[in-house]
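Student: So the sequence lines, in the order shown, correspond to chains D and G. Just so we're aligned: 9 in the numbering used here is position 9 of the first sequence, and the numbers increase by one with no gaps anywhere. Just so we're aligned: 32 in the numbering used here is position 32 of the second sequence, and the numbers increase by one with no gaps anywhere.
Certain hints may be false.
Ranges of calculated distance between the beta carbons of each label pair, as one might list FRET restraints [as the list claims (entries may be wrong)]: (1) P240/G / R30/D: 23 to 31 Å; (2) R114/D / L25/G: 17 to 25 Å; (3) K183/G / P235/D: 19 to 27 Å; (4) A232/D / I81/G: 32 to 40 Å; (5) T111/D / D8/G: 45 to 53 Å; (6) T65/D / P70/G: 29 to 37 Å; (7) P150/G / P235/D: 33 to 41 Å; (8) E155/D / D69/G: 57 to 65 Å; (9) R66/D / G231/G: 34 to 42 Å; (10) R30/D / G9/G: 47 to 55 Å; (11) G89/D / D8/G: 43 to 51 Å; (12) D8/D / A88/G: 45 to 53 Å; (13) A205/G / I81/D: 31 to 39 Å; (14) G231/G / G9/D: 51 to 59 Å.
FYI, nobody ran anything at the bench for these hints, they're computed from the structure. Just so it is clear, CB atoms sit at the ideal spot from N, CA and C, and this is done for glycine as well.
Number of protein chains: 2
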Amino acid sequence: MTGLMDPDGLEAALRRIGAERYHNLHPFHRRLHDGDCTRDEVRAWALNRYYYQSMIPIKDATVLTRMDDPALRREWRERIIDHDGREAGDGGIARWLKLTASLGFSDDYVTSTRGILPATRFAVEAYVNFCAKRPLLEAIASSLTELFSPQIIGERVSGMLAHYRFVSRDTLGYFTARPHQAKRDSDFALDFVRRHALTEAEQAAVLAALRFKCDVLWVQLDALWGAYVAGAVPPGAWRPGDLVQEDGV
Amino acid sequence: MTGLMDPDGLEAALRRIGAERYHNLHPFHRRLHDGDCTRDEVRAWALNRYYYQSMIPIKDATVLTRMDDPALRREWRERIIDHDGREAGDGGIARWLKLTASLGFSDDYVTSTRGILPATRFAVEAYVNFCAKRPLLEAIASSLTELFSPQIIGERVSGMLAHYRFVSRDTLGYFTARPHQAKRDSDFALDFVRRHALTEAEQAAVLAALRFKCDVLWVQLDALWGAYVAGAVPPGAWRPGDLVQEDGV
Numbered sequence: 001m002t003g004l005m006d007p008d009g010l011e012a013a014l015r016r017i018g019a020e021r022y023h024n025l026h027p028f029h030r031r032l033h034d035g036d037c038t039r040d041e042v043r044a045w046a047l048n049r050y051y052y053q054s055m056i057p058i059k060d061a062t063v064l065t066r067m068d069d070p071a072l073r074r075e076w077r078e079r080i081i082d083h084d085g086r087e088a089g090d091g092g093i094a095r096w097l098k099l100t101a102s103l104g105f106s107d108d109y110v111t112s113t114r115g116i117l118p119a120t121r122f123a124v125e126a127y128v129n130f131c132a133k134r135p136l137l138e139a140i141a142s143s144l145t146e147l148f149s150p151q152i153i154g155e156r157v158s159g160m161l162a163h164y165r166f167v168s169r170d171t172l173g174y175f176t177a178r179p180h181q182a183k184r185d186s187d188f189a190l191d192f193v194r195r196h197a198l199t200e201a202e203q204a205a206v207l208a209a210l211r212f213k214c215d216v217l218w219v220q221l222d223a224l225w226g227a228y229v230a231g232a233v234p235p236g237a238w239r240p241g242d243l244v245q246e247d248g249v
Numbered sequence: 001m002t003g004l005m006d007p008d009g010l011e012a013a014l015r016r017i018g019a020e021r022y023h024n025l026h027p028f029h030r031r032l033h034d035g036d037c038t039r040d041e042v043r044a045w046a047l048n049r050y051y052y053q054s055m056i057p058i059k060d061a062t063v064l065t066r067m068d069d070p071a072l073r074r075e076w077r078e079r080i081i082d083h084d085g086r087e088a089g090d091g092g093i094a095r096w097l098k099l100t101a102s103l104g105f106s107d108d109y110v111t112s113t114r115g116i117l118p119a120t121r122f123a124v125e126a127y128v129n130f131c132a133k134r135p136l137l138e139a140i141a142s143s144l145t146e147l148f149s150p151q152i153i154g155e156r157v158s159g160m161l162a163h164y165r166f167v168s169r170d171t172l173g174y175f176t177a178r179p180h181q182a183k184r185d186s187d188f189a190l191d192f193v194r195r196h197a198l199t200e201a202e203q204a205a206v207l208a209a210l211r212f213k214c215d216v217l218w219v220q221l222d223a224l225w226g227a228y229v230a231g232a233v234p235p236g237a238w239r240p241g242d243l244v245q246e247d248g249v
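Given these sequences and hints, build the entire structure.
Tutor: Here you go:
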């Protein structure tokens with residue numbers, strides 16, 4: 001235990017976790033944005049990451065169920081709207097499907113999630129369960145990886161556009177909207193955590209929640225590395241060459 | 001779908017899943033029983049596998065909550081007794097701690113689970129959640145990896161005794177009891193599944209449950225391989241050299 005911190009001290013401790021454990025430090029992230037991934041590695045990343053994207057609104061709905069203040073719910077529900085959109089074809093999930101389609105996957109295959117890595121599934125489910133079962137303060141704190149995402153997204157888009165002829169600003173449309181949304185959301189969540197984590201136990205729980213969330217992201221890149229860079233695809237998961245429509249690329 | 005199967009056809013389909021996806025096919029298993037693991041790799045395996053062992057009685061308790069027949073509960077509760085023992089120092093979990101202690105870990109460190117790989121935690125939690133949330137038939141079917149375990153345990157014990165001077169028949173005591181228990185349990189579970197999976201949908205769900213469970217085991221070995229064979233230990237997990245008492249070995 002570090003003893004009771006003031007809000008600035010707590011924020012600094014949260015930012016240190018990001019500096020040590022956020023997945024921009026993972027070799028797969030560097031490989032992706034440096035242009036060293038094969039097209040199949042980019043495909044596997046997009047296919048697996050779809051499952052994470054698709055479960056975020058469900059995660060956020062479990063958080064909404066513990067908010068008894070309409071103002072708080074109005075704020076939080078924006079996250080669901082961002083991902084699900086205001087109409088068909090709109091929102092982050094639909095934009096992610098533009099990316100996977102541009103890489104040759106049918107929407108049916110992607111949304112079935114039957115080709116994803118088991119480790120992706122278990123990590124994402126762990127995140128949803130964490131937010132459903134832990135106190136509201138910890139569920140909100142676990143979203144704070146967004147503090148670190150605007151920078152990673154900027155790097156990723158510019159790196160991917162520079163290096164991969166098979167992606168375009170249009171197919172990466174998901175990321176165009178995210179930095180602004182992530183900034184708004186993480187400002188809100190950080191303010192909430194600064195104001196509500198007032199005991200040593202609450203502060204320790206908040207830090208643990210952010211570490212847990214970093215693990216959720218890290219495990220996904222570890223699994224992509226093992227399966228598609230090291231080449232040990234687990235039984236049942238998508239294999240390069242399977243089920244992609246090359247002429248769709 | 002394969003169409004409705006008779007019980008023998010269903011059993012054959014279940015056994016085919018084992019032949020294709022059980023973790024005896026994973027390179028880490030072969031490395032472990034062939035004597036090619038370093039002592040630190042064996043340590044990491046034992047440390048991580050402890051978490052799996054420790055959650056089995058909790059998983060089995062969630063299954064008990066859905067059994068409305070006392071005879072069925074009497075049968076199933078034997079699993080909890082096997083792991084928790086009839087008194088302190090007895091049972092599979094206590095025997096597993098003998099193994100980790102012989103490898104230099106304190107019981108406090110092992111039972112805290114703070115050094116395990118996040119992928120281990122997420123996979124094991126996924127198993128507990130599966131058994132808590134899915135219908136009883138699927139929860140029972142997910143235990144059927146035990147159909148395949150007596151053979152793997154025999155291989156593992158003889159291989160480990162032959163190759164590692166730092167293990168003994170005494171420290172591997174966990175495995176001495178398991179083949180008999182696993183045979184009894186899987187006979188029961190297989191009979192239950194044969195008698196209760198009577199529709200195509202139930203049979204498909206039973207097969208999916210066993211595939212899921214194979215994934216739970218496979219992910220754990222993938223994570224050990226990535227962290228301790230390939231050497232990419234994720235942030236926060238046990239690192240070779242940390243926290244082991246060499247003179248305890």
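Student: State for each hint whether it applies.
Tutor: We went through each hint and held it up to the structure:
1. Under the hint 23 to 31 Å, the C-beta atoms of P240/G and R30/D, about 24 Å apart, fit the expected range.
2. Range check, R114/D to L25/G: Cβ separation about 21 Å, and the 17 to 25 Å hint holds.
3. Restraint check, K183/G to P235/D: a C-beta distance of roughly 25 Å satisfies the suggested window 19 to 27 Å.
4. At roughly 37 Å, the beta carbons of A232/D and I81/G sit within the given window of 32 to 40 Å.
5. At about 36 Å, the beta-carbon gap between T111/D and D8/G misses the expected band of 45 to 53 Å.
6. A hinted range of 29 to 37 Å holds for the C-beta pair T65/D and P70/G, which are about 36 Å apart.
7. The hint said 33 to 41 Å for the Cβ distance between P150/G and P235/D, and at roughly 21 Å that hint is violated.
8. A C-beta distance of roughly 58 Å is found between E155/D and D69/G, which places it inside the suggested range of 57 to 65 Å.
9. Separation of R66/D from G231/G is about 41 Å and conforms to the stated range, judged on CB atoms against 34 to 42 Å.
10. Separated by about 50 Å at the C-beta atoms, R30/D and G9/G satisfy the suggested range of 47 to 55 Å.
11. For the pair G89/D and D8/G, the supplied restraint of 43 to 51 Å holds, since their beta-carbon distance comes to about 49 Å.
12. The hint said 45 to 53 Å for the Cβ distance between D8/D and A88/G, and at roughly 48 Å that hint holds.
13. Checked against the hint of 31 to 39 Å, the pair A205/G and I81/D passes, with Cβ atoms roughly 34 Å apart.
14. Taking 51 to 59 Å as the suggested C-beta distance range, the pair G231/G and G9/D does not conform, at roughly 35 Å.
Consistency with the previously given hints fails for numbers 5, 7, 14, ordered from lowest to highest.
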